[in-house]
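Enquirer: Spelled out from the first residue to the last, the chains are:
Protein chains: 2
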Amino acid sequence: MKYNLTQISKPIQSELVQFNKLFKESLKSKVGIVDLITKYILKQKGKKVRPLLVLLSGNVAGGINERTYRGAILVELLHTATLVHDDVVDGAEKRRGLPSINAVWKNKVAVLMGDYLLSRGLLISIDGNDFDFLRVVTNTVKRMSEGELLQIKKTHKLDIDEETYFRIISDKTASLLSTCCEIGAMSTSSNPEEVKAMREFGENLGLAFQIRDDILDYVGTTKLIGKPLGADIKDKKITLPLIHALKTAPKKESGSILKSIKNGKNKKSISSILEFVNMYKGIEYADSFARKFAEEAKKNLVIFPDSESKKSLENLVDFVIERKN
Amino acid sequence: MKYNLTQISKPIQSELVQFNKLFKESLKSKVGIVDLITKYILKQKGKKVRPLLVLLSGNVAGGINERTYRGAILVELLHTATLVHDDVVDGAEKRRGLPSINAVWKNKVAVLMGDYLLSRGLLISIDGNDFDFLRVVTNTVKRMSEGELLQIKKTHKLDIDEETYFRIISDKTASLLSTCCEIGAMSTSSNPEEVKAMREFGENLGLAFQIRDDILDYVGTTKLIGKPLGADIKDKKITLPLIHALKTAPKKESGSILKSIKNGKNKKSISSILEFVNMYKGIEYADSFARKFAEEAKKNLVIFPDSESKKSLENLVDFVIERKN
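Those protein sequences? They're chains B and Y, same order as listed.
For this note's numbering, add 742 to where a residue sits in the first sequence, where the first one is 1.
For this note's numbering, add 742 to where a residue sits in the second sequence, where the first one is 1.
In short, the hints are calculated from the structure, not lab data.
Treat the hints with care, since some could be wrong.
A pair holds if it fits inside one copy or across any two, identical chains being indistinguishable in the list.
Here are the computed lysine-lysine pairs in the DSS-like style, where the Cα-Cα straight-line distance is at most 30 Å [said to hold, decoys possible]:
1. K994 with K752
2. K770 with K914
3. K763 with K848
4. K914 with K848
5. K976 with K899
6. K763 with K1041
7. K787 with K850
8. K1004 with K938
9. K899 with K785
10. K781 with K914
11. K766 with K895
Note that the structure is predicted; figures quoted are calculated from it, not measured.
Just need the whole structure built from these sequences, with the hints factored in.
Expert: Put into structure tokens, the structure is as follows:
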């Protein structure tokens, strides 16, 4: 690995400390149980990739200010709300190495906490008069839920083509990363060209990130990615490597693979699907897309003057497509 | 029953038709599955009490305009989102006579649909530049989730006094009704006195409504209220009638009742608790509070000129405390 998140965070190390302090304050509540759960959430230390994106983008487009911090808190609260709801819908027992909120306090509390965290984030923007952030973020919440709903529908029917795949990963994953970069730029620049460039940078970065994530399901090792190889296939999630193989292979062979995804949960069928994807060059195909989006992302940054923070954003692009977990 | 909702809606009958049309349009989505589910939600016809409150308040404080409609759609979308999430957390199978969203499409879809509906509502306010609505509504979402979380905590411990009870029902129920009236007034009046009066009217109406609801758990009939008598007790929800009886009765007797709530799910213990509440005048006590809040609500309206819509709001107050289901 050429880079890691600690190196990438270097140019804004002290700003991240300040962010963590403000984020902690934003989670305080006078309602005892709410305060207890938010303290627990703070113990589940996340990687804070989204605030990192807001702060770096803010720095690149101008210089970090109060509004940049509020934007970073908004996206982290929104992301946390999403994770809490996701764990309910997936019945997940763990989150970041600790038992999930739903595992400790039950589903009811987790759904309500997600709603609480979302409204908390929105209120910070409202109190700060950041209505431009609100517009962007609320549209993102809508896109994320639409994207996930579309994925559930398509997963259920095993009916997904490249166009639908790109729409889903754009709505589900890239939209929030794009919003982070857009909000960062909006906080420090009033130049619409710069805001647009940062938004597109985030979108391209997000697409590359999700495609890499989907590739890792086929080539990662259990130890590194923390979930077994082929977990998506077991969940009947059809992603780009498989979509390409299914399109490229003879119809009869694709049909039999689809059938085995529908029925099979055994190890043998998983390994035959992995082989199938390899044979029809699904990984290479997906990888070429990830690299294309990564390249586009770097191009989006050319309008900004060189700086440590800009270099970090470029390194983040490389990190995203080269990561092994 | 002196009044019903149809009579109360008379002064704004044509406006409600227009609201229904706009509400239906607001639910349209380009994502097939989202559109399918929102069409299903429209079939679960609700009573539309919240839009009714927005429209009547708007009329009383001035005259219904575009903004009043947007406010009504916002609160109905928010309320619908809450119901969809509530059904997940309660594992409810039915909603308004039809299978619930979680029963038809599973929990995952229902949680995401709730998030979608909430963001849809917020976007309508953002697109309409109704930032004053956003501030009020987002704060309400926060209060509602805090109120419910507090109730869960207290229910679990069977530890609840009058002060906590009023705090819970204010956050959980009265906050949204208060917001409806406030938004209605904000849409048609720029006089802060009028907006405040309407907000307080909604709060008092909401408190009276919830206390009446809690009384009905002790005096209603299964046939009318659609759930068995004592359902709250079974859920270990301690409400005003019981709180008063527990405070008034000798300590030993209260202790034994609390013990039977903790353990008992049998019919005998339920009926002995109902008797206990009657003996220590819990119903009368709660009813006197409901009437006090109802009276306050009517007083809040005196600053407004007489009109058909104002009469309807007054009748709604009577309806709320006299209803049998």
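Enquirer: Could you work out which earlier hints the structure fails to respect and list their numbers in ascending sequence?
Expert: 1, 6 and 8
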